[in-house]
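Colleague: Protein chains in written order, with the numbering used here: chain S, 1 to 392; chain C, 1 to 386.
Since the hints were derived computationally from the structure, they do not count as laboratory data.
Bear in mind that the values here come from a model prediction, so they are computed numbers and not experimental data.
Some clues are possibly wrong.
When the alpha-carbon atoms are kept at most 16 Å apart in a straight line, the in silico EDC-like pairs for lysine to aspartate or glutamate are as follows [what the hints assert, rightly or not]:
| hint | chain 1 | residue 1 | chain 2 | residue 2 |
| --- | --- | --- | --- | --- |
| 1 | C | K75 | C | D199 |
| 2 | C | K167 | C | D96 |
| 3 | S | K201 | C | E229 |
| 4 | S | K61 | C | D96 |
| 5 | S | K61 | C | E165 |
| 6 | S | K237 | C | E175 |
| 7 | S | K237 | C | E280 |
| 8 | S | K61 | C | E97 |
| 9 | C | K10 | C | E284 |
| 10 | C | K99 | S | E179 |
| 11 | C | K10 | C | E280 |
| 12 | C | K99 | S | D130 |
| 13 | C | K99 | S | E245 |
| 14 | C | K99 | S | E248 |
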Amino acid sequence: MALPLSYSLRSLFARRLRTGLTVGVIALVVVAVSLILSLASSLRRTLVSSGDARNLIVMRKGSDNDGSSQLTLQSLQDIRFFEGIARSPEGEPLLSPELVMQPFFIPRTGGRENVLVRGVELMALAVHDDAKIAEGRMFVPSSGEAVVGRGVARRYLGAQLGDQLAFGRNSWKVVGILESGGSSFESEVWVDARELANDAKRVMPYSGFRLRVADGADLEALARRIGDDPRHALEAKRETEYYAEQAEASGQIYVLVVFVALFAGLGAMLGATNTLYAAVQARVAEIGTLRALGFSRAEILRSFVVESLATAALGFVVGGALAIALAAGVSAALGGISWQAETFTTNVIQLRVGAWDLAVAAALSIVIGLVGGFFPARRAANLRPIEALRKA
Amino acid sequence: MMKFAPLIWKNLGRNKLRSVITGIAIAFAVAMVCVLRMLPAALDGMLDSMSAGTRISVHNKAGLTYSLPYAYVNKVRAMHGVVDVATYQWFGGVVDEDKGVQFPNFAVDSDHVAVVFEDWKIDAKALEDFENYRDGALVGTMTMKQQGWKIGDLITLKSTIVPVEAKLRIVGEIERGPFVWFSREYLEQAMLAQGLSFDTTGTLWVRIDDASQVNPLMARIDETFRNSEAETSSETEKAFFSNMMSSAQGYVTILLIVAGVVTLCIVFIAANTASMSVRERVGELAIMKALGFRWRTLFTTLVVEAALLSTVAGAVGVLLSIGATNALRAITAGSASAGPMNAFFVSNAVLVQTLFVAFFIGIVSGAFPAFGASRKSVAQTLREVF
């Protein structure tokens, strides 16, 4: 004969304060773990979604990011008409020469951050075809105009549509807002490459080139040909690979996740154990009666574990909801979390608790419920009915 | 009060399993809070240890990737109150092109760094060699270890920003930091050999004679270059580094929220246990009261019991956190990307604060259920129990 599920659930409601506190502990652990996980996964999502697998990024050999690479005009002219580069309908190579600078911007919350400003030509929108002008229009070259990423517009002063945005040695009129489905282009400002080079007084006009490989062309072979060119020390790699490398920095956050999960998780597990021990103790007579009525040890064990799992599930639901709300709140308050890579470039991340973050937190709560419930449940199951009834 | 010590002790030991479990749970949570709370402290401590009060950084107002005319050096050096100035030019040199830039390397004024960075205690002989040999390099101890170099080694750094390959000889070690310095003169001549002129620099590091004159001097420097082609922005060394890290702010916010959340966790765990113990003892407490013990006395013993448990557990947690930070440092040692993580150290202030918080939590968690129990009359309680 099976003990009904409602027996376990009703037992929880019989001791509201105790159940509430235990649910609270588990919920808080879920909040802690999923918030930190979401920090790592939001950063990863931003970077990994950046770039296009059909694009190559060309930089100076040895540079690990385009902010620290410098290229000459000659190298652009030499590779521009390489075979395998896609062409626009007008026959122009889909190659975007770019200059990256990292001037100071002032966040709404104060301080200063290095924001990536990309000097581009109009071709850039064709090569980075996931980047779209969502509001306003593209800048007109040589007229002191800029388009800013959605994340930049949210986080920094003077970066709204129509504002006059001061950076570098000049100020620029914001004429458009750039969106790219949450990828890192939304943390950038795009202006005319020549204007930016003049403003920055750079000796070499370019940082890198992005190019679209023609359909059917061999991407690897093209990358090798650019890398082996003896006239320039260049290196070409797949754009998606480049951003994946940038995302490796998020690895350090996982160390912290493990720490929090281990310490706070163990604490919660012990808290749950405690509560259930007390529940068993208070119900000795009841358990004795159940045994006398013919319920088996296994049934009682199961029923107590279910009780503990139900507590954990409740904790997960409460904690998950809280974490989602907190993440959104923090993001809104700071205009996005900024993450500065080793390269000094700031990525503006919209913190969001993802499905995977919740899945990990759910797994942790199940472990807390199972382990925390098992030992008290075993004690309950091992009670001898006669003694239990006598004690009562 | 002391005569109640045995009673409190017995009560704690009455349900040993529960006391131990609660203790361990609190200890883990306290350890967590300690580790998280130490991050901002670690950052601040790192900044303090990195900077001197008499050094100013001057860079282009537009940003660190914008250059300054090299001629600014002489103007600043001539200012009253300035002891010396050394320039820093980012070189972006790599040893192995496949590995990228593994350590920060700069071309510096080799004849001025000795004075400007006097507090770094670089070996005098090394500094002399650095000044005398144009191809000399001073290498940070961290980088020495990472690359397996020793003094006297010949190294080649390929720049990623200028078409120069620097062939250098290591003449000494810089004990702090991963920096590699070589002579600006070497870079200028190498550029000249390529037909490129080189008359700019990145940052000026200014040493002043009187720490109290920092602010007026910074204002004077920025005023001198106002409305020129490259306006400057001066900062104290500490402000410079802390601004470099200002974008860690979001990260720190999240960690502090988590620390707060876990603290709340401790409260719940402790309150849960206290409420269980009091509830079980309601009858007993009523009897003691009937025997003539004052309620105030009983209340105090309950609160002391809870406070004792959480404070002891807090102390264990603090010890645990010291072990944990040591482990964290060991795990992340040598990995440059770990940033502040390998600067985690246990600050006394955080420890004392955390212990105090644990003590306070114990008092609060004990007081609530004890107060609840006191509201019922003796007669009513005894009727319920028997």
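Colleague: Each hint should be assessed against the structure and marked as holding or not.
Modeller: Tested hints:
With a C-alpha separation of about 15 Å, the suggested pair K75(C) and D199(C) falls inside the 16 Å cut-off, and the hint holds. Simply put, K167(C) and D96(C) have alpha-carbon atoms about 14 Å apart, close enough for the 16 Å limit, and the pair holds. Restraint check for K201(S) and E229(C): satisfied, since their Cα atoms lie roughly 10 Å apart, inside the 16 Å limit. This hinted pair checks out: K61(S) and D96(C) have alpha carbons roughly 10 Å apart, not beyond 16 Å.
Distance check on the hinted pair: K61(S) and E165(C) sit about 13 Å apart at the alpha-carbon level, within 16 Å; holds. Using a Cα cut-off of 16 Å, the hinted pair K237(S) and E175(C) is violated, with the two alpha carbons roughly 37 Å apart. A C-alpha spacing of about 69 Å is found between K237(S) and E280(C), which places the hinted pair above 16 Å, so the restraint is violated. Between the alpha carbons of K61(S) and E97(C) the distance comes to roughly 6 Å, so the proposed pair stays at or under 16 Å and holds.
With a C-alpha separation of about 14 Å, the suggested pairing of K10(C) with E284(C) holds against the 16 Å cut-off. With a CA separation close to 32 Å, the supplied pair K99(C) and E179(S) exceeds the 16 Å bound. A threshold of 16 Å between alpha carbons decides the hint, and for K10(C) with E280(C) the separation of about 15 Å falls inside it, so the pair holds. As the CA atoms of K99(C) and D130(S) are separated by approximately 30 Å, the hinted pair breaks the 16 Å bound.
Taking the CA atoms of K99(C) and E245(S), the gap is about 12 Å. The hint holds against a cut of 16 Å. Restraint check: the Cα-Cα separation between K99(C) and E248(S) comes to about 14 Å, which is no more than 16 Å; the hinted pair holds.
Checked against the numbered hints given earlier, the structure breaks hints 6, 7, 10, 12 and satisfies all the rest.
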